[in-house]
Amino acid sequence: MFGKTKNEENKKGLFNRSLVKLLAAAFVLSSFAIIIVNNRDCAEKQKELDALEERISAYELENADIQRILDSDDLSPYMERIAVEERGYAYPDERRFYDKSRD
Numbered sequence: 008m009f010g011k012t013k014n015e016e017n018k019k020g021l022f023n024r025s026l027v028k029l030l031a032a033a034f035v036l037s038s039f040a041i042i043i044v045n046n047r048d049c050a051e052k053q054k055e056l057d058a059l060e061e062r063i064s065a066y067e068l069e070n071a072d073i074q075r076i077l078d079s080d081d082l083s084p085y086m087e088r089i090a091v092e093e094r095g096y097a098y099p100d101e102r103r104f105y106d107k108s109r110d
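With the working numbering, letter number 26 in the sequence shown gets 33, and the count goes up by one each step, no holes.
None of these hints come from the bench; they were simulated from the model. Be careful, since some hints might not be right.
Computed cross-link-like contacts, SDA-like style, restricted to lysine to any residue with a CA-CA straight-line distance of at most 20 Å [what the hints assert, rightly or not]:
1. K54 / A65
2. K52 / I63
3. K54 / S64
4. K28 / R47
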């Protein structure tokens, strides 16, 4: 009558101890989930970066080869290689045989 009991004080109010503990646990769990997702994303981005660095080094080698060819005065071997390898041209006296049994 004169005072409130301890049980009534715990039940009263919006922010009792159990709600605060529940919110703290949810915050900690969500923080761990965010950390795990960020680490996975960083690993994926690192793999992408490694792949891009490999492509860059391949392009640098190709560019160095092309630059060496351009620095020389005779472009005939380069043009011949491009015509035969990439464009599919053949020499006038050249015969090409294709295996059609695989089709």
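List of violated hint numbers, smallest to largest: As far as the earlier hints go, only 4 is violated by this structure.
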